[in-house]
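Peer 1: Sequence:
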Amino acid sequence: MDYQLIVRTAVLAGELMLCSGAETYRVEDTMNHILRTAKTQTAEALVFMTGIVATVDSPDIEPVTVMRRVKSRGTNLNRIMQVNTISRKYCAGEMGLKEAYESLGSIQKRQYRTGIYNLATIVTPAGFAPMFGGGAEEIAIAALMGAVLAVFLTAGKRWKIHGFILDTASSFAIAAAVFLLGSRIPGMNLDVVIISSIMPLVPGVAITNAVRDILQGDYMSGNARVLEAFLTAAGIAVGVGAGIWFAGLLIPGGI
Numbered sequence: 001m002d003y004q005l006i007v008r009t010a011v012l013a014g015e016l017m018l019c020s021g022a023e024t025y026r027v028e029d030t031m032n033h034i035l036r037t038a039k040t041q042t043a044e045a046l047v048f049m050t051g052i053v054a055t056v057d058s059p060d061i062e063p064v065t066v067m068r069r070v071k072s073r074g075t076n077l078n079r080i081m082q083v084n085t086i087s088r089k090y091c092a093g094e095m096g097l098k099e100a101y102e103s104l105g106s107i108q109k110r111q112y113r114t115g116i117y118n119l120a121t122i123v124t125p126a127g128f129a130p131m132f133g134g135g136a137e138e139i140a141i142a143a144l145m146g147a148v149l150a151v152f153l154t155a156g157k158r159w160k161i162h163g164f165i166l167d168t169a170s171s172f173a174i175a176a177a178v179f180l181l182g183s184r185i186p187g188m189n190l191d192v193v194i195i196s197s198i199m200p201l202v203p204g205v206a207i208t209n210a211v212r213d214i215l216q217g218d219y220m221s222g223n224a225r226v227l228e229a230f231l232t233a234a235g236i237a238v239g240v241g242a243g244i245w246f247a248g249l250l251i252p253g254g255i
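So in my numbering, the last spot in the sequence shown is 255, and the numbers never skip.
Among the hints, a few may not be true.
Claimed, not checked - With a cut-off of at most 27 angstroms between alpha-carbon atoms, the simulated DSS-like pairs for lysine-lysine come out as follows:
id	residue 1	residue 2
1	Lys89	Lys109
2	Lys71	Lys39
3	Lys109	Lys98
4	Lys160	Lys109
5	Lys71	Lys160
6	Lys109	Lys157
7	Lys39	Lys109
8	Lys109	Lys71
9	Lys160	Lys39
As the list claims (entries may be wrong) - Distance windows between CB atoms, simulated:
id	residue 1	residue 2	range
10	Leu215	Thr154	32 to 40 angstroms
11	Lys89	Leu250	19 to 27 angstroms
12	Leu5	Thr154	48 to 56 angstroms
13	Thr42	Thr154	17 to 25 angstroms
14	Thr208	Ile251	22 to 30 angstroms
Worth flagging that the hints you see were computed from the coordinates, not collected in a lab.
Note that CB positions come from ideal geometry on N, CA and C, so glycine has one too.
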């Protein structure tokens, strides 16, 4: 039995799930199911927000341990679902070990083109605007602000700008642009447009997963997720506030 490949498969599955926003306990559970197929005396996975450790050991084999550093995290529920499907098929004997490893490697690649991400970033604010009571005017401006946000996010990822700084700068640009447009478009509900435009940045899934980790007893990872989510929210709030203040300086007579 190829113990090294089993451990590498488990670590790859865990890394994909953790980078895609899965809860820590779910990542550990998936990895442990894969590791147990080695049928060794010890098969353990330990997952943190920033790293993964997996090991298998028995008296008759050399212990195999793999550690992986996880630097970037996002939200990709489709990728989590795909990893779960491959894991279940492998553990049920419906898929070989090598095939499972190669399948996980294939979904590790970018799943959507940049244009698709940008289109979603434009459509999302436009979809939230009517939910917050906005009319046709607010929907159109929210879509325009979504395009501004898409430009900032694409440029930030290309230049590898830290997420906190990127969220703050993006929310600053959106708030300033909305208030500058609002000074020229009377009757536009500025609050609806700003709230709708920053929705793609709001860490709602991260907060939900943080609570689920805490309820599962993963206090370290849960608290780390809570801190990360609230820092992101604070950065967005600071950016919006600074953008409104800056726009007030540019508008004659203030806001």
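Peer 1: All the hints need checking, so say for each whether the structure fits it.
Peer 2: Hint check results:
For a cut-off of 27 angstroms, the pair hint linking Lys89 to Lys109 stands: about 21 angstroms separates their Cα positions. At roughly 31 angstroms between alpha-carbon atoms, Lys71 and Lys39 are farther apart than 27 angstroms, so this suggested pair is violated. Our distance criterion of 27 angstroms between C-alpha atoms is met by Lys109 and Lys98, whose separation comes to about 18 angstroms. The straight-line distance between the Cα atoms of Lys160 and Lys109 is roughly 18 angstroms, inside the 27 angstroms bound, and the hint therefore holds.
Proposed proximity of Lys71 and Lys160 is supported: the alpha carbons are some 12 angstroms apart, at most 27 angstroms. Proximity of Lys109 to Lys157 is assessed by CA-CA distance (about 16 angstroms); at most 27 angstroms being required, the pair is judged to hold. Between the alpha carbons of Lys39 and Lys109 the distance comes to roughly 30 angstroms, so the proposed pair goes past 27 angstroms and is violated. Distance restraint check for Lys109 and Lys71: the Cα-Cα separation of roughly 16 angstroms lies within the 27 angstroms cut-off, and the hinted pair is therefore satisfied.
The suggested pairing of Lys160 with Lys39 is violated, with an alpha-carbon distance near 42 angstroms, which exceeds 27 angstroms. Our hint of 32 to 40 angstroms for Leu215 and Thr154 holds, since their Cβ atoms are close to 36 angstroms apart. For Lys89 and Leu250, the Cβ-Cβ distance of about 58 angstroms falls outside the hinted range of 19 to 27 angstroms, so the restraint is violated. For Leu5 and Thr154, the hinted distance range of 48 to 56 angstroms is not satisfied, since their beta carbons lie about 37 angstroms from each other.
Hint check: Thr42 to Thr154, Cβ distance near 45 angstroms, so the stated range 17 to 25 angstroms is violated. In this structure the hint that Thr208 and Ile251 lie 22 to 30 angstroms apart at CB is violated, the actual value being about 38 angstroms.
In this structure, the hints that do not hold are numbers 2, 7, 9, 11, 12, 13 and 14, in rising order.
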